[in-house]
Amino acid sequence: MAGTLLRQVRVIDPTTGTDQVQDVWMAGGRWSAIAPTLDIDPDDVDVIDGTGKVLAPGLVDLYSHSGEPGNEARETLAELMAGAIAGGFTRVGILPGTQPPLDNPGALRRLVDLACELDQLPQPLLLPWAALTQGAQGEQMTELAELAEIKSFAIAGLADGQPLTNRVLLRRLLEYTRSLNRPLALWPCDRTLAGNGIARDGSLALMGGLPGVLVAAETAALTTILELVRELDTPVHLMRISTARSVALIEQAKADGLPVTASTTWMHLLFSTEDALSYDPNLRLDPPLGNPTDQEALIAGVKTGIIDAIAIDHSPYAYEEKTVAFGDAPPGAIGLQLAFAALWERFVAPGTWTAVELLRALSDRPAQILQLPPPQIAERAAVEAFLFDPAATWTVDASTLRSPARNTPFYQRSLRGQVLQTWHYPGLP
Amino acid sequence: MAETRWNHRHILSLSRFTPTDYATVINTAVSFGEVLSRRNKKVPTLQGKVVTNLFFEPSTRTRSSFELAAKRLSADVLNFAPGSSSLTKGETILDTAKTYLAMGADIMIIRHAATGVPHAIAAELDRLNTGVGVLNAGDGQHEHPSQALLDLLTLCTVLNPEKPSIDLLKGKKIAIVGDIIHSRVARSNLWSLAACGAAVHVAGPPTLLPADFVKGFQRSPIDPPGLPRQLVQHTSLDAALDGADFVMTLRLQRERMTQHLLPSLREYHRQFGLSHQRVQICAPDVKILHPAPVNRGVEITSELMDDPERSLIGQQVTSGVATRMALLYLIGTGGQSAADIVQ
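Sequences listed follow chains A and B, in order.
Reading the first sequence from the start, the letters are residues 680 to 1108 in the numbering used here.
Reading the second sequence from the start, the letters are residues 36 to 378 in the numbering used here.
The shape of chain B in the complex, shown without the other chains:
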């Protein structure tokens, strides 16, 4: 594996990721995927390093995935869960982070129900010159970078299992449908998929996909002048699905019904729910993604979700561990000693 260039101390958002950054993540994740297929799945890469899971918002899947990734890299893992915390006793978010800093944390993986918390903690850690890297594992309805990157690995792997590459996404049509406005997964995916050259089409009811939603994602400050980002917004599902190579649907929280956002689950399913019948207008070999957990029968039918010919949901989970190993490795080592790790 070639020496990689990596200049992100933190991974807070994908808004400033370059195609080179994505390629680095994918290549690194593919290497770790090979490690995970061996009998001995553990490498000494982060031996002696302390990885902290600061999950202010409850999570099982993402936290487990990060925990396993860190353990496969031989890191020591600390878990912080809100139920047993003192956040209700007047401790600030920075106090919590500083407690783990004092225990010697090298990497902090942070999830919070409110937007911007990983950014605030990262800014404070930088101000203190700690050198600690922060990985955003989901902040409010803002971003969830590791989910989008594992989605990217899943897509690249499906397109060419032998040699996954972001170049394979050029010209592919990817639909993201459902509750976009509340989705941090959708926001991170809008940045990554468009940057890799895919045509991204979003669709959802107007209350969950406001007009001009994609406008803010059309350009990143780091884009070279010539890089066109293809983002299209639709109010009907069929326009987004038409000829799509991949469809990503999102979890619909049931409380949206009581917030005057939707009339009923039935109408939502009729308008935006995915089924074998609805996806017929997609490309013949269309694949379906979902960040899980799934509301069966709401955003997707059980038949479609469980169809091994169509659904990539299981592969997304598998990609998650390799991708998160790659991210922890890149933050933990700056991508310096790649050659040693996978041997």
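With the rest of the complex left out, here is chain A:
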């Protein structure tokens, strides 16, 4: 006998709805045995005392940004991957807005090769999104059929990660990609209506002197997509949902049987316009943080499943890029290393969500949206999981962050809950 035995650990598996204390034995990269108590000679295995700790399937991030290639000063791929593992993520979708952009099969393969050449272990599986349009510029389609031939563990799906403003192109994309049967992700955002806004419109933004973005900048684009899906029947994943009205529209669309799924980001669940009035450039996001009613609707949407998944939308920036006025800052924040702990502390610890609900939105559902088998804690399955200590506290700073990027409101703050270890054996069949 060999391997590792986790004694009396709280096992949470959203694929089965499991949340119970178990003995878990892993060997050879697989779960060998899971039972309330296992009779294994502790001299034969490494034993980890799991008391008070959580064992959960690896987290799956739908979409994030990589600095490499093109902006390695923000964050290299190695740093992104180290941060992901340190945060419990075993699969990370990478948006195509790198330099050069991921808009051809060679660019996607190069990114995956870059990751494979790194010797750090364990590694998260990188899933590049192939751009829908050349350069993700929203003008001319990429060679979508060829991109869709890439095997499913080397591509997340098709997405620009940018709003598509040309509605004719949007229609044609929905028609053209339908038979490709690949995940298609769209960000509902009307740039014209959003204008120069940097905060969600409302009395808080008005009081705080931040130009507002109407809710309609999101919902006008969302309804366009939903009405096109209603006619063309192409499944669509809706990215970066940030308003209460959008949650209501998606609920209706799902009730009508439209093939749509939706995600918000972890930052939109944790913060609102009230927080943006600190003018911390790390709270400058696109779409902007919602008003408190939007935030409440998103939190409820995750609980009910109307919002299927929580994306991290990890966006590293160099210090000098973010140390500017709130409105001048490029939107986005880092999050792969921080999100699970912050969400657990805020929503699971007080009982707003169950642990299963959080993991459903961060592991099971995003894997399904990517048309991949979700990681599971089940006998004979490959080990893809992480151990989390909800009680550990740590300080987010240069010595603990795996990323050189510091653009997070949690920087130099204390965080409760820490991922202790992540396991991932992607080579196993």
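Worth flagging that the hints you see were computed from the coordinates, not collected in a lab.
A virtual CB, placed ideally from N, CA and C, is assigned to each residue, including glycine.
Fair warning: there could be bad hints in the mix.
Claimed, not checked - Label-pair distances were calculated between CB atoms; the ranges are:
hint	chain 1	residue 1	chain 2	residue 2	range
1	B	T134	A	P1009	22 to 30 Å
2	A	W1073	B	Q306	54 to 62 Å
3	B	A246	A	N875	14 to 22 Å
4	B	V267	A	A899	27 to 35 Å
5	A	N875	B	V267	26 to 34 Å
6	B	S94	A	Y855	24 to 32 Å
7	A	P1009	B	V267	37 to 45 Å
8	A	P1009	B	G206	45 to 53 Å
9	B	A318	A	Q931	33 to 41 Å
10	A	S1093	B	P298	48 to 56 Å
11	A	R909	B	Q288	37 to 45 Å
12	B	G332	A	A895	34 to 42 Å
13	B	G332	A	A899	52 to 60 Å
14	A	L911	B	T95	58 to 66 Å
Starting from the known structure of chain A, fit chain B onto it as the hints suggest.
Relative to chain A, chain B alone:
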């Protein structure tokens, strides 16, 4: 002058100012106003202190007013102007602030075209435990506290030149009209005037005064449960002017025409421009304020602006120096040695 209690290291916004804070500023400014009426207008209050004007956005009037105020207090003044800066060469806003910190700055007066920059610099200075005070001299379309406080001094002085006091504002109707949404002056004034008990009525075209604009100003986190703030929003000018004791109008930037906010300057002037005829429905002795510079013939007619019976624009400028002396003094000394200063 009695010892004052002052617990604001920075003046970034008036949203958390109490009536006591306003009274302190007014009383201190009145004392400095007396200093300014003497032959020797200089006091040694801030001798040896370094006051820095960090004006990332070009400004002449406000900067001059702060510079004069600092010099009257015997401070050494450093001016930073964007034209000669290295901001375009990759320097961050914090680098600029830290450069002046290294020169020994005690107070930083900051203006920036973007909202929140003085807050960000103040947060960094606090994180470094520098003890340096930051005075917001206008950030984006957010706030301009010193302008609102000099407006307050102007109003209190008009109401009782012998003994100006914020209590005189109770029950007065003050109209603020024009391009409210883009105005940092309006936002700071909404906080200060309502906190002092005035009934504040705002009016402007719907594109420049969105519905529910005043909602965010109805309550400050520091308000005691019983303090009612009287803020009313109108879409027509006459409703705001009706019976008003004071009218404050705001500069209309001409580029609003190209942003689909207004059809024409002519229509704006017809709807919201102030003239002798329009202000007839105000109180008989109504006075007009404007933060300057004025677009003559747009938000106000030249005749009304130049009418010494009505216009307080000149007095606002005079109040500016005394008010800014008070603010620099309060930040620079914490209000500790008031008695020595004005003697």
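Tested hints:
1. B:T134 to A:P1009: 22 to 30 Å: holds (24 Å)
2. A:W1073 to B:Q306: 54 to 62 Å: holds (59 Å)
3. B:A246 to A:N875: 14 to 22 Å: holds (20 Å)
4. B:V267 to A:A899: 27 to 35 Å: holds (32 Å)
5. A:N875 to B:V267: 26 to 34 Å: Since the Cβ atoms of A:N875 and B:V267 sit about 29 Å apart, the hinted range of 26 to 34 Å holds.
6. B:S94 to A:Y855: 24 to 32 Å: Given a distance of about 54 Å, which is not inside 24 to 32 Å, the answer is violated.
7. A:P1009 to B:V267: 37 to 45 Å: holds (40 Å)
8. A:P1009 to B:G206: 45 to 53 Å: Holds, at about 49 Å.
9. B:A318 to A:Q931: 33 to 41 Å: violated (54 Å)
10. A:S1093 to B:P298: 48 to 56 Å: holds (54 Å)
11. A:R909 to B:Q288: 37 to 45 Å: With a Cβ separation near 44 Å, A:R909 and B:Q288 satisfy 37 to 45 Å, so the hint holds.
12. B:G332 to A:A895: 34 to 42 Å: This hint holds: roughly 36 Å between Cβ atoms.
13. B:G332 to A:A899: 52 to 60 Å: With a Cβ separation near 39 Å, B:G332 and A:A899 fall outside 52 to 60 Å, so the hint is violated.
14. A:L911 to B:T95: 58 to 66 Å: holds (59 Å)
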